[in-house]
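Asker: What follows is the residue order along each chain.
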Amino acid sequence: MRQGEISLAGLLALFSLYLMWKSMELPIGYIRGQGPGGGFWPFWLSLGMLLSCIAIAYNWWRGKSPAARSDDPIMDEFGWRTVILVGGGVVGFVALISIVSMYGAIALFLFYYLRFLGRHSWVLTLGLSIVLPVLLFLFFEGAMMISMPQGMAFTQPFFDLMYDFIY
Amino acid sequence: MNLTKRLFIGMAAGAAFTSLPLTAFAQDWQPKRPIDFTIMAGPGGGADQIARFVQAVVEANDLTNRPLVPTNRGGGSGAEALLHLKDTRDADHTLMVTLNSFYTTPIRQEALGVDIETFTPITMMGVDPFVLWVHKDSGITTFEEYVAKVKEMDGEFVMGGTGSGQEDSIVIAYMAGAYGLKIKYIPYDGGGAVAKDLAGKQIMATVNNPSEAKGFYEAGDFVPLLAFSDARMDAYPDVPTLKEKGHDFSYYNQRAIVGAPGMSDEAAAYYREVFGKVYDSAEWQDYLASESMSPLPMDEAQTRAYWTTQVQNHRKLLAEIGG
Amino acid sequence: MEVLSFLADGLLLSLQPLNLMLILAGVTVGLFIGAMPGLGSVNGVAILLPITFLVPPGSAIIFLAAIYYGAMYGGAISSVTLGIPGASTAVATTFDGRPMALNGKASLALVTAALASFVGGTVANVLFTLFAPLLASVALSFGPPEIFALMLLAFATFVGLGGDDIPKTIFSICFGLVLAAVGFDTISGEPRLVLFEISGFLRGIGFIVLAIGVYGIGEMLWTLEQTRGEVTTTNPKMTIKGLVSDTKEAARKGWRGTMIGSFLGFFVGVLPAAGATPGSLMSYGVAKMLSKNPKAYGTGIPDGVAAPEAANNSASTGAMLPMLTLGIPGSPTTAILLGGMVIWGLTPGPRLFANESEFVWGLIGSFYVSNVAALFINLAFIPLFVWMLRMPFTILAPLIFVLSIIGGFAAARSMHDLWMIVIFGIGAFFLRKFDYPLAPAVLAIVLGPIAESTMRQSLLLSSGDPMIFLNRPIAGPITVIAIILILLPALKLLRRKKAVATA
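Residue numbers (numbering that gives the first Met the number 0), protein chains in the order written: chain A, 0 to 166; chain B, 0 to 322; chain C, 0 to 502.
If you're looking for bench data, these hints aren't it; they were derived computationally from the structure. Here the structure is a predicted model, which means the values were calculated and not measured. The C-beta atom is built at its ideal place from N, Cα and C for all residues, glycine as well. Keep in mind that the hints are not guaranteed to be accurate.
Stated by the list, open to error - Stretches of chain A that chain B covers, calculated by requiring three or more beta carbons in the stretch to come under 8 Å of a beta carbon on chain B:
id	region
1	111-119
2	152-166
Stated by the list, open to error - Going by beta-carbon spacing under 8 Å, a handful of chain C positions derived as facing chain A:
id	residue
3	Asp164
4	Trp343
5	Asp434
As the list claims (entries may be wrong) - Pairs of lysine-lysine residues, derived as DSS-like cross-links and limited to a Cα-Cα distance of at most 27 Å, are as follows:
id	chain 1	residue 1	chain 2	residue 2
6	B	Lys315	B	Lys85
7	A	Lys63	C	Lys247
8	B	Lys148	B	Lys183
9	B	Lys85	B	Lys148
10	B	Lys315	B	Lys181
11	C	Lys252	A	Lys63
Kindly generate the complete structure, drawing on both the sequences and the hints.
Answerer: As structure tokens, this is what we get:
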């Protein structure tokens, strides 16, 4: 935790510096007779972020925050596994959307989560991962008229068929 | 509740479709998917209102077999919408409702790499003129008094409008240049907020579209001084135009429907027919009249020529006002 | 009184069979749309706009107003059951609503939300009926400096919302405010902070993207990691008896928050541009400040749910006022309602009350009826929402992820924003591990754009003189109060230090 605290503060400080540098594309100062320029707001607030990071680092050095006093690892093995399997699952989910469409990705994600992380029965897994995407399709495309991403060309015939069906 | 009703209709329609031979659709192009109806502005503005009105007319008269899906993509002064159309994977199902950031944004943000002349003209629904308004409590009743007042206040006269480099600022900058006026310009997010702050006397004058100022005009709060149209407007017969005052300048906000670059001719023809019907509908004609918009019917070739001149004009105007 | 007879006519109009049916249908549809993370009243109203061509304009707008009401009630449901604020107005509801659900008091939280919403809506309706024209002139007297002062006041209530670690809280506020600046600067008309030159950032970073990332993904990961995947939400089965006792408990423990929220929310909501989000946030902050036991806020108490919920309903009714009297939309939803009125050939504006009094009073009457209908329909569906929480967490968790992603896309309509949700979610998980409070960032991203543009408009007005915030009759006092509130915790801290030093 102790190492993590200072590393995170350092990372955030770097990001603040990037934001400050980026803000400088527009005037960051007070323009006479007009008030602040376009970069004023983000620049000085990014500086606020940077100063906060420095204060966090100072607190770390003095051992003031709980994280700065703890020598525990950030997470144990279980924690890391959970985060990688679940977080990775969500990343995979979003990555799949462009390939197998929103609804296909939902079906695959549910299948993965329910079966491999939740260890549910095949009936429940398959039931949910087929029924829910269909219900969501009817809700979003049918009732709410919001079109979701449709994946690569091979998903097209399927969508065309479904559209014929609902409209 | 709503879902089940639609579902029922959907099932009936689905049954009907599957029983038809597929070749029936081969000659006439018809959309296969919901039509992406991108709006170049956020919710609430003139473009948004028009898009939703058009969608409502299409839906009420059942003009398309797939729904129009209005989506606001106003980010970056319309840059988001322009990029969305430019990069679309499905040009045949992607349309946009424009305002004048269609011309100004590609000029001001060259990095976008958007060339609007590659877009597909569909239908010009009308153009929205600009009018100069003051609050009745200011005591100003004519344009001449207005000019005198602005000169007298020497840089302290406050006007509001939409963001820098957008329509309102162009109109005001031109007028200020033509009469040597010094004006303090406050940019707002949208025309509605501008009109509200004129009504609350936070600012002294605006160049709102008539549709935005109409409510206050009818209540007697706003006084129109000058129209930036080619001829006097039917709704404001006593208001002179800038052209009458001897300056060859008119400015309109274009309310057009545009297709994505690379749209097939069949699809474009289909949409032109659909929106042509909307244009001719009693609903739209009433809307044009009540919002004081002017008709400007054009075919495809005329629209392309119009775009070219508009791009040139805007390039010149933006260069002149240094924005 | 003349007003009362108009109101009676309006009530009768909205109780006609067709209108009453539309109200019931509208409220139900709205409730479910509002309960979906990412969808809100704006979606419901926009989609159903064309359908309203089939009925007379009077009935059509009543239908749309009913959806609006239903969605406002529904917003609390996803805040409590899923922990994701579906709309910016419901962020403050998660502060206490979510802990209550995790403590097995989801039904109490939902009942409190419903009752508070009802009271908030009713108070707002009464104030609306009696003082509409007067309030409209108050709304007009709020120019950019006044709105900025109000935003400052809203920020002052942040101070109490962060964690114990002051630098981390400040970091969070600044971070949210900087994110709000990404995209495009309207005042200078230039693109700004287009991070890493990715054009997806041109549209800016929306509230919903950050909120779904932080709450839908980040918080879920954190819960899974903390509880080792064994979340036990012991929510009892819902019974009529349980509902009655919850109602009593909600009334007893939530009335203070409800009262504060109802009035404060309305006055903030009436101001165009401010809207329901600062209203609900300020009500939460004020309720906490005035409470005898401020430490209890955030641990799951009914007052903490009641204050923001009463306020957001009350403010949403208030937001109708500038729309009807001035023709100025106070929120995207009212903007679309306004469009609807134009479609039906009505001219919103100062003359609407006089020219179309039957229409206006029918609409106001429908507010009253919708509010009652929404209360009962909401209460009737609470068992269903509580039942959802009884699902095993290994089913509920993936459902929340799916709803977050699909709801996020429905709100943003761009893959870029979907990736941002994931990045924010994973980032939020690690920040949360190290005790960075994230609620201030989520709220800052809502208030930031209003605060920045009104600040710069004000300074343009005054040619750069910051005294404009102090020497105007309305802005001045608000600014002073806000500054005192911001400095108060710092002063307290100093005093405590001194006391320690002398002791």
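Asker: List in ascending order the numbers of the hints, as given earlier, that are violated by the structure.
Answerer: Hints 1, 4, 7, 9 and 11 are the ones this structure does not satisfy, whereas the remaining hints hold.
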